[in-house]
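Residue numbers (this note's numbering): 1 to 394.
Some hints here could point you the wrong way.
Label-pair restraints from in silico Cβ distances [unchecked claim]: (1) G378 x S260: 26 to 34 angstroms; (2) G379 x V334: 29 to 37 angstroms; (3) S281 x L226: 53 to 61 angstroms; (4) G202 x S129: 27 to 35 angstroms; (5) G202 x S281: 49 to 57 angstroms.
The set of hints was computed from the structure by calculation and includes no laboratory data.
Every residue gets a Cβ at the ideal spot worked out from N, C-alpha and C, and that includes glycine.
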Amino acid sequence: MSRLSSAERTRRTAALGALFAGLVVQSLFGGSSFVDSVGEVLVAPVAAVVTPFAGGLASRGLPLEVAESTVDSLRLVEAERRQGRPLGAVGSAWLEVPVLMEDRVTGKLELAAGSAHGLAEGQGVVFGSWWLGRIGRVGENSAEVQLWWAPGARTGVSLNGGPESNLRSICVGRGPERSAMVGWLEPGPDPRVGIRVEWRRGPDDPPSLGTRDFLLGYLSQEGNVLRGEASWVVPGGLIAGAAGRVFVAAGAVGENLVASPPVSASAAEAVLVGDGVFGSSFAAISVEEGFPAAVVLGEGRVAGRVVSRRGPLCWVNRLAPDHWLSESVGLDTVGNLLSPEVAEMAEESDFDLFTRGGGVTPRGLHLGRKGQAPSPLGGTLSAVARLLPEERDL
Numbered sequence: 001m002s003r004l005s006s007a008e009r010t011r012r013t014a015a016l017g018a019l020f021a022g023l024v025v026q027s028l029f030g031g032s033s034f035v036d037s038v039g040e041v042l043v044a045p046v047a048a049v050v051t052p053f054a055g056g057l058a059s060r061g062l063p064l065e066v067a068e069s070t071v072d073s074l075r076l077v078e079a080e081r082r083q084g085r086p087l088g089a090v091g092s093a094w095l096e097v098p099v100l101m102e103d104r105v106t107g108k109l110e111l112a113a114g115s116a117h118g119l120a121e122g123q124g125v126v127f128g129s130w131w132l133g134r135i136g137r138v139g140e141n142s143a144e145v146q147l148w149w150a151p152g153a154r155t156g157v158s159l160n161g162g163p164e165s166n167l168r169s170i171c172v173g174r175g176p177e178r179s180a181m182v183g184w185l186e187p188g189p190d191p192r193v194g195i196r197v198e199w200r201r202g203p204d205d206p207p208s209l210g211t212r213d214f215l216l217g218y219l220s221q222e223g224n225v226l227r228g229e230a231s232w233v234v235p236g237g238l239i240a241g242a243a244g245r246v247f248v249a250a251g252a253v254g255e256n257l258v259a260s261p262p263v264s265a266s267a268a269e270a271v272l273v274g275d276g277v278f279g280s281s282f283a284a285i286s287v288e289e290g291f292p293a294a295v296v297l298g299e300g301r302v303a304g305r306v307v308s309r310r311g312p313l314c315w316v317n318r319l320a321p322d323h324w325l326s327e328s329v330g331l332d333t334v335g336n337l338l339s340p341e342v343a344e345m346a347e348e349s350d351f352d353l354f355t356r357g358g359g360v361t362p363r364g365l366h367l368g369r370k371g372q373a374p375s376p377l378g379g380t381l382s383a384v385a386r387l388l389p390e391e392r393d394l
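Please take these sequences and the hints and turn them into a complete structure.
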């Protein structure tokens, strides 16, 4: 194989650099049709030179289906299943369904399964001993969960303070920024701050669920007690594991109790790893054209997020694990799941971080530990994406 001449190497380096600059402009000013038009004129000749070269790199790898990514990622899946699957109840089963997306503003979860997996409107949704809410609108391959603290959501609860203060009540959600209100349905002794607020079975729920205690939270009080302006409330929120998968109560079920969102991977190769202008924070990666790459993995960890694309070339923003904290879930050495808030406050790095997941970004990709540098872009690389359900009818 003949070596490239100095002039040819210079020409290719300049072409890649110009294409890289074009991707930067495209990502920064993607909303401007004028800039898009100008960028297309400037970059098109360069892309014509570089794209065949990059396409040759990408064509060596075909997309392959992957279950849950790497062995490290399976640790997170196992922890979620261990902590999230409730004990069995006679007459009902628990369907395991991964979460595609969380909308904190509306208090809803979008699930990666629907009626084809046995989901139906009104089914209860839990994670371990925690009550999450109910299935709302359902499509064939997707479904929506209304969380109990969503604005206007009404949930029957029981205030469990012992035999002498067990009151039937209603909890009304007010969104993520305000605690849910608790009112009384029956006379009884005054409740105490800190007692358990448990889900109460409704008339349409299977009797088998009535034998289980699912927790919403603990009773609190807001307002001025001396003026008689205090209200009983329950703070809402979503525990770390429930952002990954939930468990749905069902009566008649099929053979498969676990729904898995399709996650695909494709071989990738680094074409340009930083330069004097953009530094080492960005890289151009070659991926098979048409593959919906979301992130790039290197040496078993996330090496960067795909932020722009032109043909087979992807512009990747290389981020250290610390920069993913708000979009991550932690897993410590004993298997405890950590929310982004807890992981951010923790000083020690004796826990691993994984992608929280959302949209096309799969959950459970290994990020590394706090303080680590981004994964290197040498050796074998792969581009990964979570394929969303074709039906988006919610």
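Consistency of the hints with the structure:
1. For G378 paired with S260, a C-beta distance near 31 angstroms keeps the hint of 26 to 34 angstroms intact.
2. Restraint check, G379 to V334: a C-beta distance of roughly 32 angstroms satisfies the suggested window 29 to 37 angstroms.
3. In this structure the hint that S281 and L226 lie 53 to 61 angstroms apart at CB holds, the actual value being about 56 angstroms.
4. The beta-carbon spacing between G202 and S129, approximately 19 angstroms, falls outside the hinted interval of 27 to 35 angstroms.
5. With their beta carbons about 53 angstroms apart, G202 and S281 fall inside the hinted range of 49 to 57 angstroms.
In summary, the structure is inconsistent with hint 4 from the numbered list given earlier, while agreeing with all the others.
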